[in-house]
Amino acid sequence: MKKDNNTDKITRKDAIKKMGKYAALTAVGTFVILNPLKAQSSSPPDPGGNPFD
Amino acid sequence: MNHSLGPTYEQLLGSHWVLWYKTSNRYSIVDENFKALLDAYLQSESINTFRSNLDIANADTIADRIQYYLEQCHTQDIDQTVSATLSFKPVIPSFSIHYECFGQRFQINFDSELVKKTIHPSIAHLEVNTTKKPNVVFDVYLDQDQLCLFKNKTLLRSAPKKDYHLIQGKFVMELLSLIHQKEESDWVGTFHGSTISDGTHALLLMGESGKGKSTLSALLVAHGFELVADDVSPLLSKDLHIYSNPSAISLKEGAFEVLNPLVRSFEEIPETLFNKSKGPLKYLVPNPLLKGSYSCKALIMVNYAKGKPTKLEPLSIKTPLETLIPESWLSPKPKHARQFLDWLAQLKIYELTYSDTASVVKEISTLFKTLPNAQD
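Top to bottom, those sequences are chains W and V.
Per the numbering used here, residue 2 is the first one in the first sequence, and the count goes up by one each step.
Per the numbering used here, residue 2 is the first one in the second sequence, and the count goes up by one each step.
Pulled out of the complex, with its shape left as it was, chain W reads as follows:
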């Protein structure tokens, strides 16, 4: 099987995406985009603890 060795090469668009919720426009301003929860929730459990398992 051909192995794809280009995983470390990312496009400029990908690079912007990888900046996550912060995308800084240096010198021209900053923004952050926030998503409320889609459904009501209580405090989510910490990773690794599932009482049903």
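Heads up, some of the hints might be wrong.
As the list claims (entries may be wrong) - Taking lysine to aspartate or glutamate pairs in the EDC-like style, the calculated list, with each CA pair at most 16 Å apart, reads:
| # | chain 1 | residue 1 | chain 2 | residue 2 |
| --- | --- | --- | --- | --- |
| 1 | V | LYS118 | W | ASP54 |
| 2 | W | LYS39 | V | ASP164 |
| 3 | V | LYS277 | W | ASP54 |
| 4 | W | LYS39 | V | GLU352 |
| 5 | V | LYS309 | V | ASP240 |
| 6 | V | LYS152 | V | GLU185 |
| 7 | V | LYS298 | V | ASP357 |
| 8 | V | LYS154 | V | ASP164 |
| 9 | W | LYS39 | V | ASP78 |
| 10 | V | LYS309 | V | GLU364 |
| 11 | W | LYS39 | V | GLU101 |
| 12 | V | LYS133 | V | GLU101 |
| 13 | V | LYS134 | W | ASP54 |
| 14 | V | LYS117 | V | ASP78 |
| 15 | V | LYS253 | W | ASP54 |
| 16 | V | LYS298 | V | GLU352 |
What the hints assert, rightly or not - DEER-style ranges, computed between Cβ atoms:
| # | chain 1 | residue 1 | chain 2 | residue 2 | range |
| --- | --- | --- | --- | --- | --- |
| 17 | V | PRO281 | W | ASN36 | 16 to 24 Å |
| 18 | W | THR31 | V | VAL92 | 50 to 58 Å |
| 19 | W | ASN36 | V | GLU46 | 17 to 25 Å |
| 20 | W | ASN51 | V | GLY200 | 35 to 43 Å |
| 21 | V | VAL137 | W | PHE53 | 35 to 43 Å |
| 22 | W | THR31 | V | GLN105 | 14 to 22 Å |
| 23 | W | ASN51 | V | ASN288 | 20 to 28 Å |
Calculated directly from the structure, the hints in this document are not laboratory data.
In this text the structure is predicted, and so the values were computed from the model without any measurement.
For glycine and all other residues, C-beta sits at the position ideal for the given N, C-alpha and C.
Guided by the hints, dock chain V onto chain W, whose structure is given.
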């Protein structure tokens, strides 16, 4: 340019603009520089006009980034919380418990001890010994790997059992609507935070997990303040008040030592072990409230920091909103989004750093005294 790409609502809060996009129910916080560029972009006849009007070397990059920003603001998330279609299975429940709160009676049937632990411990103090017919019957049970919540035999929500917090959240929404005689569509949102009152106003305590919100709430309750809500604080559209959530304060083991000398009979409160990652929990029952709802006047970002002196400092809206919005359910209705922005605009915002109990109680007492006296 397509003006419809702009935010549906915008609100200046201190030095930041909070923008809301109807298509995605996303909020965006931008600084004044970015807002000016965004406005210029949206008002330009074309991208080329915008670029030429900017008349700077990196105009292309700026135009690209604003375009990218708007794409993100209008991207709708796939709702992964939609319940599977499951019909009610009439089974004999292992536990059938009656509760009463604010004159409303309800019954919950649980199919096992483990499933009971998802909901019962936080409302155990509402349990009543009665044969009266309940207003509502809930059924909570596992159907293969799905944890299901039914109301009068109609499915409210199912979720993979590892996501039991979604079932807890939906139950709390139902409980709040039942006891306050509201519909789910009456609420602007449910905030992940605790609300405390001095009998006149309320403060919303929020912060990341482990920063001491619930511990501080318990401390303040031990010193005579009222607990309006722990963990889930609901805001009603009609009067923009935070309504009481009768659930007990859930306390992690780390808080036991601090609270033991301050809360009467703390040692006698039984420990509940449900999720190993959270460790044993104690549920502290709040005192009955004088009122069912309060007007919230301040948002406090809580930060427990061992050894640090108590300090209450004004804070920009940006940091608390970055924690509050992703952890809260906010109604996607435009009317509610507008109300949420207006509600934020009247809040005072603080960061509270604390480790010492006596000084933090004093600081909060002083803050309550400085709040405006309006009763609305």
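We went through each hint and held it up to the structure:
no.	hint	in the structure
1	V:LYS118 with W:ASP54	holds, 14 Å
2	W:LYS39 with V:ASP164	holds, 14 Å
3	V:LYS277 with W:ASP54	holds, 11 Å
4	W:LYS39 with V:GLU352	violated, 27 Å
5	V:LYS309 with V:ASP240	violated, 38 Å
6	V:LYS152 with V:GLU185	holds, 14 Å
7	V:LYS298 with V:ASP357	violated, 24 Å
8	V:LYS154 with V:ASP164	violated, 21 Å
9	W:LYS39 with V:ASP78	holds, 9 Å
10	V:LYS309 with V:GLU364	holds, 14 Å
11	W:LYS39 with V:GLU101	violated, 29 Å
12	V:LYS133 with V:GLU101	holds, 11 Å
13	V:LYS134 with W:ASP54	violated, 36 Å
14	V:LYS117 with V:ASP78	violated, 32 Å
15	V:LYS253 with W:ASP54	violated, 21 Å
16	V:LYS298 with V:GLU352	holds, 14 Å
17	V:PRO281 with W:ASN36: 16 to 24 Å	violated, 33 Å
18	W:THR31 with V:VAL92: 50 to 58 Å	holds, 54 Å
19	W:ASN36 with V:GLU46: 17 to 25 Å	violated, 32 Å
20	W:ASN51 with V:GLY200: 35 to 43 Å	holds, 41 Å
21	V:VAL137 with W:PHE53: 35 to 43 Å	violated, 26 Å
22	W:THR31 with V:GLN105: 14 to 22 Å	violated, 47 Å
23	W:ASN51 with V:ASN288: 20 to 28 Å	violated, 34 Å
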